[in-house]
Amino acid sequence: MNMVVAIKQVPDVPNIRIDRERMTVIREGVESIINPLDYVALEAALDLRNRHGGKVVALTMGPLQSEEALREALAAGADEGILLTDPAFAGADTLATSHVLARAISRTTPFPDLILCGMQTIDSDTGHVGPQIAEELDVPQVCGVSEIHVDEECLVVKRVSDGSLDSVRVTMPVVLTVTQHICEVRNLPLGALEAAFSEKSIVQWSMDQLGLEESEVGLSGSATQVWRLRPPPPRREGRVFDASPQELVDHLIRKLEGLSVLDEEEEDQ
Amino acid sequence: MRKRKTNKFGGVWVFGDYRNYFQNRVTLQLIAKATDLARDLKTEAAVVVLGQDIHQYVMEYVAHGADIIIAAQHPQLKDYEVETYTAVLDRWVKAFEPEIFLAGATSFGREFFPRLAKRLHTGLSADCLALEVDPDTGLLVQTTPAFGGELLAEVVTPHHRPQMATVHPGVFQERAHNSEALGRIIYPEIGPLPVPRMKTIRSRRQQSHKLNLENARVVIAGGRGLGTKDEFQMLYEIAELLEGEVGATRPAVAEGWAEEDRLLGQTGKSVKPTLLISVGTSGALQYTTGIQGAETIIAINRDPHAPIFRMADLGLVGDVHTLLPLLLDVLRRRL
Amino acid sequence: MEYEESRISAHHNYLVNRVLTPGFVVGKPNEDKGFFLLADLVLPGESTPRICARLLDAQGVLLLELEWNRIRENPGMCTHRPVPGGFVIVLPSEEALMEVRTESFANGYITRIKARLFDETGQVRSETLGESLQVRGEAKLVLDSPFVFSRK
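Chains as they are written, first to last, in the working numbering: chain A, 1 to 269; chain B, 270 to 604; chain C, 605 to 756.
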């Protein structure tokens, strides 16, 4: 089974800090990591390859620095890495991003049976890229997958959607977006990362090499624009108490009393 | 009724997502917002409904404020199938040319709307916290969290139409049911449908208990600061004593201390309780967007500089491992 | 693209020609004789449909007159029988002439009418198609307000 896993290099979001004066993100000292759910998708692909044979290609669109993410994917066991990089790609929304990724996937040989990515990223969290790649490649999609089984020419997958656990049969090729339940993530074997740097090579494709025009990619190829950034909504800033545990609990109880939350028989509406 | 031909209609559309209708009120909330936006744009609010037995939902949408219903009834529309719905709505959007198209960020909405936006080659913003018409340009200003949620981004779709957005349940407020409402209903043709390439072969309802976070009067929410699953479990007893529900932050859900359906925040639920007690949560915007509607917020955290204290009406700086057992003890004796 | 347009009420609608409508009338309700079928608006607070009709057989002979769901004149010797959700008008042959059933939802109602009806020229003016009543000929398919008879 031939597979492409689309991965995204993202800032380590929980450690991000904001310069509130200039309304920008402070990138120094913040690590870049593979989006956790994309890493899970990669593991799921490797597991399928180990059981059913085939090839796993890791694909990413980003600045040159994103090569680190591909190295890590190769170290985990991916067979090939493709880096889509070009200054023109910057500022892309999901419409433009999915266009570049879909174009690259259509040029991988052979065309994959399965395209995988994480259900959402920790930085932008939209979950749009998977469905938009599927639309451009004219293949079906199933999102939020937690289990994958191969059934001859089809896949049978499990996913939760709006309160129901569904079993879905879908033809290949197909785009699947996965959740953290799909598999365990292993630790990288010792020496794998160094080996990936020296042995496996990464292919780089630019805008021209993908046969794309500037108007189709990056900011020019986007339909949405960020007009303005603003600080979050005004806060409340009530009283903060730093005192002994007993005093703190007393404050809390008194507040609950004030809100009538501790009253016994409430009139039912 | 009359037979009509289309001409450009403009309009603010809402996708009628009626799965789990009585629990999932997001379509009704979006109808309320759509009518406001429609008034600003001097146009009408329409709800698009596809399915097989849609009569009662169509009437509910009119009762909750829809000016127009655009509907199709057909056996092949019975299941919420992404490619089928994309084909029908692509055809209708091109025929009627709405200005704006909104959908709830349900599981279905989150995977269907991006595909439709791509088919229409237009912009889509996700998980909007606010939607307003800019008075100067007439553009829909879509406010979404940015940089992992630390800032808000105002996003616009200047040159592509419709301007599409998904919104989480709880961001907007539905209008009251009005039995006297009348609306227009139109039944356009659906055209040829694609042969589905996927089929749901089995479906099992998930929730064993009826979690009702969105309507809870009291919510106790826990974050990573609780440290262990056992500590987190104490919140359930507190919630029971106060007749409330338990919510969780993304890190707590990721740790496996609570199920996804208890997630509060940007990609989870928005709650508007009378009282929210937030325990061991730092206060990231991704989380606080889900709780800012609470009337009173009490926060407990070990770190006096935690951002959550900027959101709280009452802040307690202390170790949850000491405070929670003390609190439970008092509550058990009182209630 | 062509499309059908109608109006709907939040409270109660009939299913006619496969679309929902708050009320409709077929035929000539304001004449002294001749076929008509009126399904009037059901306002909030009410839960039963409001049907008036003058029903004829295939030869154009009067069978019965209905006034607000009740039989008024009955030369055809029909019977009015309640059924779950509504009523049925039955001919002496036990064949159902017209069936009216109302489905109730959490916050509203839909009435489905099944009837094969003829006018004074012997033409078929209504038939059942699936769950909907298909009507033909002179008709006002959407009533904007409660019907007011201008005869009597």
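By construction, these hints were calculated from the structure, which means they are not laboratory data.
Cβ atoms here follow ideal geometry from the backbone N, Cα and C, with glycine treated the same way.
Don't take every hint at face value.
[Claimed, not checked] According to the in silico footprint, chain A covers these stretches of chain B (three or more CB under 8 Å from chain A):
(1) 304–311
(2) 338–348
(3) 363–372
(4) 451–461
(5) 589–599
[As the list claims (entries may be wrong)] To give an idea of the chain B side of the interface with chain C (calculated C-beta under 8 Å), a few residues:
(6) 329
(7) 331
(8) 445
(9) 469
(10) 472
(11) 475
(12) 502
(13) 503
(14) 507
(15) 561
[Said to hold, decoys possible] Lysine to any residue pairs mimicking SDA-like chemistry, simulated, CA-CA at most 20 Å apart:
(16) B/538 - A/162
(17) C/632 - C/662
(18) B/538 - B/363
(19) C/744 - B/456
Results for each hint:
no.: 1; hint: 304–311; result: violated (count 0)
no.: 2; hint: 338–348; result: violated (count 0)
no.: 3; hint: 363–372; result: violated (count 0)
no.: 4; hint: 451–461; result: violated (count 0)
no.: 5; hint: 589–599; result: holds (count 5)
no.: 6; hint: 329; result: holds, 6 Å
no.: 7; hint: 331; result: holds, 5 Å
no.: 8; hint: 445; result: violated, 11 Å
no.: 9; hint: 469; result: violated, 25 Å
no.: 10; hint: 472; result: violated, 23 Å
no.: 11; hint: 475; result: violated, 23 Å
no.: 12; hint: 502; result: violated, 36 Å
no.: 13; hint: 503; result: violated, 38 Å
no.: 14; hint: 507; result: violated, 34 Å
no.: 15; hint: 561; result: violated, 31 Å
no.: 16; hint: B/538 - A/162; result: holds, 13 Å
no.: 17; hint: C/632 - C/662; result: holds, 17 Å
no.: 18; hint: B/538 - B/363; result: violated, 33 Å
no.: 19; hint: C/744 - B/456; result: holds, 18 Å
Violated hints, in rising order: 1, 2, 3, 4, 8, 9, 10, 11, 12, 13, 14, 15, 18; the structure is consistent with all others.
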